[in-house]
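Enquirer: What follows is each chain in one-letter form.
There are 2 protein chains.
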Amino acid sequence: MANNKKLVEAITSMEEDFAQWYTDVVKKADLIDYTSVKGCMVIKPAGYAIWENIQHELDRRFKETGVENVYLPMFIPESLLQKEKDHVEGFAPEVAWVTHGGLEPLQERLCVRPTSETLFCDFYAKEIQSHRDLPKVYNQWCSVVRWEKTTRPFLRSREFLWQEGHTAHATAEEAEERTIQMLNIYADFCEQVLAMPVVKGKKTDKEKFAGAESTYTIEALMHDGKALQSGTSHNFGDGFAKAFGIQYTDKENKLQYVHQTSWGMTTRLIGAIIMVHGDNSGLVLPPRIAPVQAVVIPIQQKKEGVLDNAYKLQAQLKAAGIRVKTDDTDKSPGFKFAEQEMRGIPVRIECGPKDMEANQAVVVRRDTREKITVSLDNLAEEVQKILDTMQVEMLERARAHREAHTYTATDYEEFKSIVEEKPGFVKAMWCGCKECEDKIKDDVQATSRCMPFEQETLSDKCVVCGKPAKKMVYWGRAY
Amino acid sequence: MANNKKLVEAITSMEEDFAQWYTDVVKKADLIDYTSVKGCMVIKPAGYAIWENIQHELDRRFKETGVENVYLPMFIPESLLQKEKDHVEGFAPEVAWVTHGGLEPLQERLCVRPTSETLFCDFYAKEIQSHRDLPKVYNQWCSVVRWEKTTRPFLRSREFLWQEGHTAHATAEEAEERTIQMLNIYADFCEQVLAMPVVKGKKTDKEKFAGAESTYTIEALMHDGKALQSGTSHNFGDGFAKAFGIQYTDKENKLQYVHQTSWGMTTRLIGAIIMVHGDNSGLVLPPRIAPVQAVVIPIQQKKEGVLDNAYKLQAQLKAAGIRVKTDDTDKSPGFKFAEQEMRGIPVRIECGPKDMEANQAVVVRRDTREKITVSLDNLAEEVQKILDTMQVEMLERARAHREAHTYTATDYEEFKSIVEEKPGFVKAMWCGCKECEDKIKDDVQATSRCMPFEQETLSDKCVVCGKPAKKMVYWGRAY
Chain A
1 MANNKKLVEA ITSMEEDFAQ WYTDVVKKAD LIDYTSVKGC MVIKPAGYAI WENIQHELDR
61 RFKETGVENV YLPMFIPESL LQKEKDHVEG FAPEVAWVTH GGLEPLQERL CVRPTSETLF
121 CDFYAKEIQS HRDLPKVYNQ WCSVVRWEKT TRPFLRSREF LWQEGHTAHA TAEEAEERTI
181 QMLNIYADFC EQVLAMPVVK GKKTDKEKFA GAESTYTIEA LMHDGKALQS GTSHNFGDGF
241 AKAFGIQYTD KENKLQYVHQ TSWGMTTRLI GAIIMVHGDN SGLVLPPRIA PVQAVVIPIQ
301 QKKEGVLDNA YKLQAQLKAA GIRVKTDDTD KSPGFKFAEQ EMRGIPVRIE CGPKDMEANQ
361 AVVVRRDTRE KITVSLDNLA EEVQKILDTM QVEMLERARA HREAHTYTAT DYEEFKSIVE
421 EKPGFVKAMW CGCKECEDKI KDDVQATSRC MPFEQETLSD KCVVCGKPAK KMVYWGRAY
Chain B
1 MANNKKLVEA ITSMEEDFAQ WYTDVVKKAD LIDYTSVKGC MVIKPAGYAI WENIQHELDR
61 RFKETGVENV YLPMFIPESL LQKEKDHVEG FAPEVAWVTH GGLEPLQERL CVRPTSETLF
121 CDFYAKEIQS HRDLPKVYNQ WCSVVRWEKT TRPFLRSREF LWQEGHTAHA TAEEAEERTI
181 QMLNIYADFC EQVLAMPVVK GKKTDKEKFA GAESTYTIEA LMHDGKALQS GTSHNFGDGF
241 AKAFGIQYTD KENKLQYVHQ TSWGMTTRLI GAIIMVHGDN SGLVLPPRIA PVQAVVIPIQ
301 QKKEGVLDNA YKLQAQLKAA GIRVKTDDTD KSPGFKFAEQ EMRGIPVRIE CGPKDMEANQ
361 AVVVRRDTRE KITVSLDNLA EEVQKILDTM QVEMLERARA HREAHTYTAT DYEEFKSIVE
421 EKPGFVKAMW CGCKECEDKI KDDVQATSRC MPFEQETLSD KCVVCGKPAK KMVYWGRAY
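Keeping their order, the protein sequence lines are chains A and B.
In terms of UniProt numbering, the first sequence opens at residue 1 and continues consecutively.
In terms of UniProt numbering, the second sequence opens at residue 1 and continues consecutively.
Just so you know, these hints were derived from the structure itself, not from any lab.
Everything numeric in this text was worked out from a predicted model, so none of it was measured.
Certain hints may be false.
Claimed, not checked - Anything over 12 Å on all C-beta distances counts as not near chain B; from chain A, calculated:
(1) Val67
(2) Pro77
(3) Thr118
(4) Lys126
(5) Lys136
(6) Lys149
(7) Gly305
(8) Met342
(9) Ala380
(10) Thr389
(11) Glu396
(12) Arg477
To be verified - Okay, derived cross-link-like pairs now, DSBU-like style, lysine-lysine, Cα gap no bigger than 35 Å in a straight line:
(13) B/Lys85 to B/Lys354
(14) B/Lys27 to A/Lys242
(15) A/Lys28 to B/Lys251
(16) A/Lys28 to B/Lys136
(17) B/Lys416 to B/Lys385
(18) B/Lys441 to A/Lys325
(19) A/Lys318 to A/Lys63
(20) B/Lys434 to B/Lys28
(21) A/Lys312 to B/Lys251
(22) B/Lys27 to A/Lys63
(23) A/Lys85 to A/Lys254
(24) B/Lys251 to B/Lys38
Backbone N, C-alpha and C fix where the C-beta goes; we use that ideal spot for every residue, glycine too.
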């Protein structure tokens with residue numbers, strides 16, 4: 001296979017060049033391919049299957065809280081995009097414009113949705129009349145387009161896949177509650193399924209979403225110490241409702257504006273998985289999100305009974321609900337091991353004639369390379385235990401990494417030197433002024449990642465200007 | 001609720017105005033809403049949930065045959081679209097063109113994909129080098145855009161949702177086999193899940209897909225006697241492979257062109273379900289595709305114990321795997337019945353104080369209105385039986401309707417009068433010439449729907465020109 005030759009070439013080590021390591025893994029784990037469409041990628045089967053698992057897990061969690069899925073058009077008329085002033089300012093510079101339909105110029109330009117607040121508002125304005133029509137808790141799975149100048153697979157591409165939830169509520173309290181509820185679902189999903197710890201908090205005004213009253217975020221720390229915004233949940237208050245005239249009659253028959261939220265997660269999460277768990281042999285997938293959780297690799301497979309035994313083990317594991325494949329190709333075992341490692345399959349199960357004689361198999365964990373000899377009598381049970389342990393330990397390891405790379409600064413010189421020399425999160429106090437955020441950005445290219453829900457008082461002064469501090473903030477360089 | 005007022009207004013009867021009946025059902029069963037984007041619709045929760053079930057059922061069937069899902073860009077550079085001559089001629093007049101990204105004009109226009117053959121070919125040209133890279137059996141779920149002049153919800157809209165499978169094979173035989181395999185999956189899905197019988201056959205050259213060597217189709221008959229093309233599967237031979245240079249080295253190390261197929265099904269199927277099964281009270285959903293299969297409607301729900309009993313029945317049905325809801329709103333039972341009928345929920349389960357005393361409930365089928373008194377001791381089992389029977393009988397009824405509206409003509413005057421006076425399929429012999437197809441189109445606005453796999457010899461002469469007949473064709477007016 002043409003791909004094999006590429007695979008055995010070593011990937012760049014992450015210590016040498018993290019960005020190149022990332023690009024190598026993305027390509028050699030066969031997640032994506034580049035296309036003739038600049039800034040857009042093909043998500044290949046191994047990558048798309050991860051997205052399908054993300055979709056499946058999130059969608060189930062959404063529906064348990066009453067979310068219903070819908071589908072809105074991919075086009076937004078220019079006049080609609082312009083209805084909410086902050087929103088259009090945020091997005092207009094980076095949208096793709098359709099100007100012709102068939103052979104004719106359009107009367108009004110349409111942009112390809114960069115996000116669908118305006119369409120949902122247009123829809124809700126017609127749909128909502130009475131308090132009995134509330135709440136609306138809708139979500140859609142779709143692709144969106146943002147005309148980015150520099151792009152990187154999964155992290156920043158001109159088109160990406162996501163879900164966008166858009167809700168409308170009778171009261172401000174209910175909207176706030178939904179905003180936080182969805183952030184909590186995101187955080188729980190990241191920790192429990194992706195084995196990726198996150199910091200939950202609120203964005204500063206400078207960093208919040210265009211048109212939002214408040215934006216909440218979950219921030220994860222990548223292996224190189226850079227932060228990645230992994231999901232956001234916005235409370236719009238009644239700003240969009242006023243711009244679009246979304247009103248309902250309450251129980252006293254008075255006209256009221258609705259309160260709205262939106263929240264989204266994207267294929268960016270796949271980039272996060274790579275950068276939180278990957279190593280110099282390639283991808284490492286947490287078992288709960290891995291499309292293939294175990295691969296059976298027969299040793300000396302030409303010997304009688306070895307392949308049949310491999311298929312038997314595969315059948316046993318499959319029956320126990322483990323996502324499993326057998327690599328029965330004519331590649332060498334060593335090559336198959338390297339491929340399993342590159343693709344991040346959580347465990348491989350080696351079984352040759354000697355193992356068969358001893359009624360055993362060797363299970364090798366992708367993350368620690370630990371080799372565990374397991375009796376064939378309870379293989380499925382043992383493999384499931386190993387997968388469960390691996391899931392837990394991957395989260396613990398990622399959390400330990402984040403904690404080891406979370407620093408505290410109470411002095412601006414110290415702050416700057418940490419950002420420059422020790423990649424990670426820096427916790428520091430802040431006065432609440434945009435000027436101090438701007439100064440940090442100018443000086444060391446770090447941004448406020450969030451004002452965490454779990455506040456600490458590190459000092460009573462802003463780390464930049466020394467004025468009274470209002471909030472403790474996580475700062476960092478970010479993707 | 002604002003919607004209720006609209007609901008109780010009777011919908012237009014299908015005998016009076018079928019097109020208006022269709023539009024009424026689509027709106028009042030709450031499947032879609034119109035938008036500010038001309039020709040595009042919002043698919044609302046009740047509509048989208050049907051699509052999710054279609055996706056789920058089809059995707060499972062695809063994967064059982066080795067299909068893998070991927071995602072390709074939504075944009076196609078103009079130069080790429082133009083590589084295959086017939087294909088671009090077919091699609092260029094009806095695509096949407098992106099000419100600006102952000103504030104800048106693009107160097108090359110991009111069209112929003114109307115279908116993705118050209119993108120898959122571009123991808124495969126890089127991906128496929130050796131016979132060991134074959135076959136590629138990829139599919140994507142996405143939306144596509146065709147700039148139609150006149151649009152109707154689900155049946156013809158500027159943007160619609162679909163799946164498009166694109167495969168590449170070493171041999172012509174294997175490609176043909178896959179083409180037919182997918183057509184059979186489509187036909188089986190329509191009959192078993194949608195309770196919609198279809199005629200399987202091949203399109204004439206005039207009706208085949210732009211760029212295909214042969215197009216296979218499944219054709220269904222709607223209640224008004226018009227045909228609806230419900231799924232197509234195309235064999236491209238090596239035409240696209242030659243245009244895009246998709247070659248592999250075979251086992252003898254010789255360069256060969258691949259053979260390709262594509263196949264798709266769309267949200268159009270929701271239109272088909274409406275027009276095959278619906279009646280003058282609204283939608284009728286086959287149980288296997290219905291998002292809600294049963295609704296429990298408590299009678300005299302303010303009486304003690306009635307609501308609790310309804311929830312108990314709901315829990316029993318849910319535990320048995322039936323998709324069930326309870327309508328515990330303060331609407332009248334009569335209104336709830338009308339709503340269940342409008343939304344096409346397969347059965348309603350009425351249970352009031354007298355029923356409780358008698359340890360029974362009344363199950364009412366949506367399709368026949370049959371009322372079946374069932375003991376509460378085995379409610380779930382009985383409801384499941386009723387749903388199963390309903391599924392079978394809906395298919396039988398649709399088949400009987402199709403058979404009653406399938407005619408035979410051996411004489412052209414007879415042929416024309418059938419098309420004009422008896423809406424349905426007309427089977428007639430054909431010489432194989434485009435001129436005869438054109439004449440039929442001009443004379444009575446009917447088209448060749450397909451050359452069915454099950455051929456019959458009705459006469460030895462073409463029904464139009466009297467020359468020797470080559471094929472028996474299903475003709476009809478179509479959506």
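Enquirer: Now tell me if each hint is right for this structure.
Expert: Structure-based check of each hint:
1. For A/Val67, the requirement that its beta carbon stay farther than 12 Å from each beta carbon of chain B is not met, with the minimum near 10 Å.
2. A beta-carbon of chain B is positioned within 12 Å of the beta-carbon of A/Pro77; the least distance is around 6 Å.
3. The Cβ of A/Thr118 sits about 9 Å from the closest Cβ of chain B, inside the 12 Å cut-off, so the non-interface label is violated.
4. Its beta-carbon lying about 7 Å from the closest one in chain B, A/Lys126 breaks the requirement of being farther than 12 Å from that chain.
5. Distance to chain B contradicts A/Lys136 as a non-interface residue, since its nearest Cβ pair spans about 10 Å, not more than 12 Å.
6. Some Cβ of chain B comes within 12 Å of the Cβ of A/Lys149; the nearest lies about 8 Å off, and the non-interface call is violated.
7. Consistency note on A/Gly305: stated as away from chain B, and its beta-carbon is indeed over 12 Å from all of that chain's, at 26 Å minimum.
8. Residue placement check: A/Met342 keeps its beta carbon more than 12 Å from all beta carbons of chain B (closest about 17 Å).
9. The Cβ of A/Ala380 sits about 22 Å from the closest Cβ of chain B, beyond the 12 Å cut-off, so the non-interface label holds.
10. Against chain B, the non-interface label of A/Thr389 holds: every CB pair exceeds 12 Å, the least being about 29 Å.
11. With a minimum CB-CB distance of about 32 Å to chain B, A/Glu396 clears the 12 Å threshold, and the non-interface call stands.
12. In this structure A/Arg477 is separated from chain B by more than 12 Å, as the shortest Cβ-Cβ distance comes to about 25 Å.
13. The suggested pairing of B/Lys85 with B/Lys354 is violated, with an alpha-carbon distance near 72 Å, which exceeds 35 Å.
14. At roughly 27 Å between alpha-carbon atoms, B/Lys27 and A/Lys242 fall within 35 Å of each other, so this suggested pair holds.
15. Restraint check for A/Lys28 and B/Lys251: satisfied, since their Cα atoms lie roughly 25 Å apart, inside the 35 Å limit.
16. Taking the CA atoms of A/Lys28 and B/Lys136, the gap is about 18 Å. The hint holds against a cut of 35 Å.
17. Restraint check for B/Lys416 and B/Lys385: not satisfied, since their Cα atoms lie roughly 45 Å apart, outside the 35 Å limit.
18. Between B/Lys441 and A/Lys325, the direct Cα distance comes to roughly 53 Å. Violation of the 35 Å bound is thereby established for this hinted pair.
19. At most 35 Å may separate the alpha-carbon atoms for a hinted pair to count; A/Lys318 and A/Lys63 meet this at roughly 27 Å.
20. For the hint linking B/Lys434 to B/Lys28, the alpha-carbon distance of about 42 Å lies beyond 35 Å, and the restraint is violated.
21. For the given pair, A/Lys312 sits about 31 Å from B/Lys251 by alpha-carbon distance, which is consistent with the 35 Å threshold.
22. Note on B/Lys27 and A/Lys63: the hinted pairing holds, with a Cα-Cα distance of about 24 Å set against a maximum of 35 Å.
23. For the hint linking A/Lys85 to A/Lys254, the alpha-carbon distance of about 27 Å falls within 35 Å, and the restraint holds.
24. For the hint pairing B/Lys251 with B/Lys38, the CA-to-CA distance comes to about 53 Å; that exceeds 35 Å, so the pair is violated.
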